[in-house]
Amino acid sequence: MPETTAKPWGETKFVGKPIPRVDGYERVSGTAEYPSDVVLPNMLHAAILRCPHGQAQVKRVDLAKAREMPGVRAVLSDADKEAQIPWYAPPGSPGSTGSPTASRLFDPHCRFEGEEIAAVAAETPQQAWDAVRAIRAEYNVLPSVVDMEEALKPGAPAVQESGNRWGAPRETKRGDVAQGFAEADVVLEETYRTSCEIHTPSEIHGSVVRWDGDHLTVWDTNQGPFGIQAPLAAAMSLPLSKVRVISHYMGGGFGSKLNLGKYTVIAAVLARKTGRPVRLFLTREESFRAVGNRPAHIMKLKAGVKKDGTLTALQLTGLGEVGAYPAGTSVGYQVGDLYRCPNVLISESQAFINAGPNRAFRAPGFPQCSWALEQMMDALAEKIGMDPVEFRIKNYSAVCQMQQNKPYTSAGLRECLTEGARAFNWKDARLRSKGSGPWVRGVGVAAGMWGSQSGPPSTVRVSLYPDGSASLNMGAADLGTGTKTVMALVVAEELGVPLDRIQIENADTGTTEFTRPSGGSKTVFADSPAVRSAALEVKARVLEMAAAQLKLPVTDLAFQEGAIVAQGGTRKLAVRELTQLRAQQVVVGVGVRGPDPVDKVVRPFVAQFAEVEVNIRTGETRVLRLVAAHDSGRVMDLLTYRSQVIGGLTMGIGFALTERRIMDAVTGKMANANCHDYKIPTAKDVPADKTVIPIDLHDTECNTTGTKGIGEPATIPTAAAIANAFYHATGIRITAAPITPANVLTLLEERRKRG
Amino acid sequence: MLSQFSYQRAASIKEAAEAASRPDVRILAGGTDLLGCLRNQVLQANRLVSLNGLSALKGIRQGPGGGLRLGALTTLTEIAEHRQILDSYSVLAQAAASVGSPQLRNQGTLGGNLCQRPRCWYFRGDFKCRRKGGDTCFAEGGDSQLHCIFGGASCYMVHPSDTAPALVALDAKVSITGRRGTRLVPLSSFFVLPADSLVKETVLQPGEIVTEILLDPPQPGARSAYRKVRERGAFDFALAGAAIVVAMAEGKVRTARVVLSGVAPVPWRSTDAEKTIIGKPLDAAVAVAAAAAAVKGASPLADNGYKVPLVRGILEETLTALAA
Ligand SMILES: Cc1cc2nc3c(=O)[nH]c(=O)nc-3n(C[C@H](O)[C@H](O)[C@H](O)COP(=O)(O)OP(=O)(O)OC[C@H]3O[C@@H](n4cnc5c(N)ncnc54)[C@H](O)[C@@H]3O)c2cc1C
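If you read the protein sequences in the order shown, they are chains A and B.
Residue numbering for the first sequence follows my numbering, beginning at 1 and increasing consecutively.
Residue numbering for the second sequence follows my numbering, beginning at 756 and increasing consecutively.
Just so you know, the hints here were simulated from the structure itself, not pulled from any lab data.
Since the model is a prediction, treat every value here as computed from it, not as a measurement.
Do not take every clue at face value.
Below, in silico cross-link-like pairs of lysine-lysine (BS3-like), each with a Cα-Cα straight-line distance of 30 Å or less [to be verified]:
1. B:K955 - A:K65
2. A:K59 - B:K883
3. B:K1030 - A:K59
4. A:K65 - B:K883
Stretch by stretch, here's where chain B covers chain A in the computed footprint (C-beta under 8 Å, at least three residues) [to be verified]:
5. 161-171
6. 617-629
7. 652-662
For the chain B half of the interface with chain A, some residues (derived, Cβ under 10 Å), not all of them [unchecked claim]:
8. Y762
9. R838
10. L841
Beta carbons are placed, not taken as given, at the ideal position from N, Cα and C, and that holds for glycine.
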């Protein structure tokens, strides 16, 4: 049944309530089997030798000693034909990103510390690592460059032979910025910098693989098995039908697990070589270097405004840090869309450096852009003497300027700002005394939007059994976000089956149907309409059965709370009593995601508020409270929704205050590839005082569940709101993230010296 | 991944001292530092000798004349929660409570805390630095934001311990047992600067084991505090910190010890700051003067100039708070 025929929900019974996870017990008790828990009979353990230099040419790899080590069953390097698999999407290959240089699984030219050189499979992980350490590799160490501005200077070491600038600058243009700046009463210009962040999911990247003849089965921790299956099949030259990827549970990805990993392919080749299953999970240290990051960005932003608060021009010149191989770094979208502005010029460049390539990271590009745009909005508001909330309300755009001014299916930014400000007590908080030191306080706001991707395709099956229980079969992974719970709620809503009577099968290319991997906050709005459509089809079949049994027209029947009701409720038929269902034992509904609206645009919106305190003697910054108001459409489950927002706020605190990759410029190696020097926030860095405010404008046009996605919006403006609060507290604009004591003290000292 | 080693649980201090005198043997207490060093190939060991069967090294006992004797295996949690330490040696309780996280404090011991290896990211990372037998200090040309502003030479690491500065400020003594007997060393002479050794951070000889830390009875009129600044709220080493013990008499400072953490390869005693406050009432002006005196000889590297105002800020704040 096409989902577009479904009517919007009115009052709901399950959907939108605070419902605990359907798999909460399994996750908390440890009975949930994550890919890293999978143990197969006869399984070998693999480990990888990685390049220890910022850039090097591998001259020789001597595996002789490793091969003789106890327990070693196979070694693999570029010398093996079966390992010469193209990588980093060279030109002409499927999924090519226009890589200037072709690379291989174990390419002798290593462009970053951590590139793969050889691998070993042994009886135990310890034996595998002992053997890796026994491999003798000789390198011709090449000069490296790990700073993107340095990389673009003449004479810089070449990361890619075609030059360290990747492609020509991409331009987005609207109106005439020169004219816009001429019309402005105030023009400000500032350069903002953000740091490279590492995803650091709880479960580290890895796979367990097994061959059954020429069938390959992979237990892999990823954000959607169909996103892994196709490139894996291509890499192993197998048809899709012979590659099965399973990821029922997975321990977080934040964008870093959308891609096929080299480790999966290495494990598959080693398993084929040895005829035994192989487990290959990375160490935390490896995961810091080789499986993606949020690229650092330098953003020069120039903005013009009239005294009455009308924006006249926005000009962004951005430079993004690609890493050693092509991976996009765009940040400009919100500059072109969030606020009404007739004249916009966005120009974005990208530079290669000798470091692991970036990957999508929770709202790729958007928190970086917010860091610049939302601090600039604050500075403009101050210059013209307007309240920062008022200024944003005056300028938010009710139409999508990046798509020919199409209207949005719903647009709640104004409500996010006003409701958020009310909950935060914004006006009073702005006026409150900042304190006389050493701790001073301040408050800040930042707004944002997410450019969500489209919904289709998604195919889902719902089955109803004669005892009234049901099963839900869907391709989507549950990244720890609560996907299974949310989708089961849709089945419960439509079929009246309680959650504990719904069996869920998900994220297995061998047993479930295609959906794109979970990225772009798409899972709820892409898959829940398909689930609903499948459940509605089941409902229709059941009503047909009941009509035949009761000898009544279908139009006289209704399906309510798991039973068929007729003639104003005087006759009731339980699912159990359907003779036809008992005869055939199952009714299957197949639902597909219908198309997105064509003449309207679907976008979630957000406004967040922060209060911070700063110690002007020691440079310490603490977040005291946060308010997050979100228009992400319908709330499917209040608990998972709140969890998503709190997780996003936490990540935003890391972006603002503590997280940054540090590359050693001399050696090209990462200095802080460990969990105490790379600092994700702890419970002590996240305030207890957090308020989540869902704004639901009852969007009936975005899709049949009225959802727009919450995972990424939750972290987009957090860091910017904290930076604005920091400015309010100290009078210092901190343009470079993160706001560490070192950065703060350096700025305070500069101010002291200026007098 | 750890390399292979054998494990021996020592039945006596003597046995442990004998076993540990071999260069390929390491002493294991809580293991929170040692296992990380082994995992990251910072050190090699063929055998670990565990002290954990030695009850003589456990717990807190009364010392002569009202002092305390802290067994080397006492956990940081025990120290942070001990009534008498909280009351009479608050600098130590605060320092112990500021270490890492609850898990690390439950597992980590006081002896291990004093003997832990540096946290310099080059030392811990895959860089063959001078302290690991190489010929380079990578902080000299690299990223030195976490490195020292005092006492560096050839190596610019900072001493990672929080309890060490507190114990130096309390003028604690450490009891050391080796194959040839027992010696008592003031903690202020326990740590060695890079100028004296580039391979070890303490005066311990091979096989020597820290058995006890001795605290003198608290001085009359004593007040103390430990203030630590770090980049995140927990699970983090000091960017800089200060352990301060003062004894007041008739409204004036009679004796004072000011010891800094996070700024030097050893707990860094600032006698200049001490001299500035001794004989004076503790007020804001004295705090500012002492803070200025403390940073006089600082020589920052390329990226750690901020530690100068940071130390000043910490001392101004903490001395002012102690006055109240
Ligand atoms: C993530 C993380 C964060 C940390 N944060 C902090 C912090 O904020 N502040 C801080 O001070 N420390 C910190 N630590 C360091 C340290 O691990 C702990 O403080 C702990 O006290 C070490 O004690 P242990 O018993 O675990 O030592 P072990 O790991 O068992 O030993 C450490 C070293 O001392 C030697 N040793 C141990 N006991 C003796 C003895 N009795 N005699 C002679 N040698 C001995 C061992 O051979 C080894 O070389 C942190 C560690 C980690 C992993």
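Tell me the hint numbers this structure goes against, listed in increasing order. 1, 3, 5, 8, 9, 10
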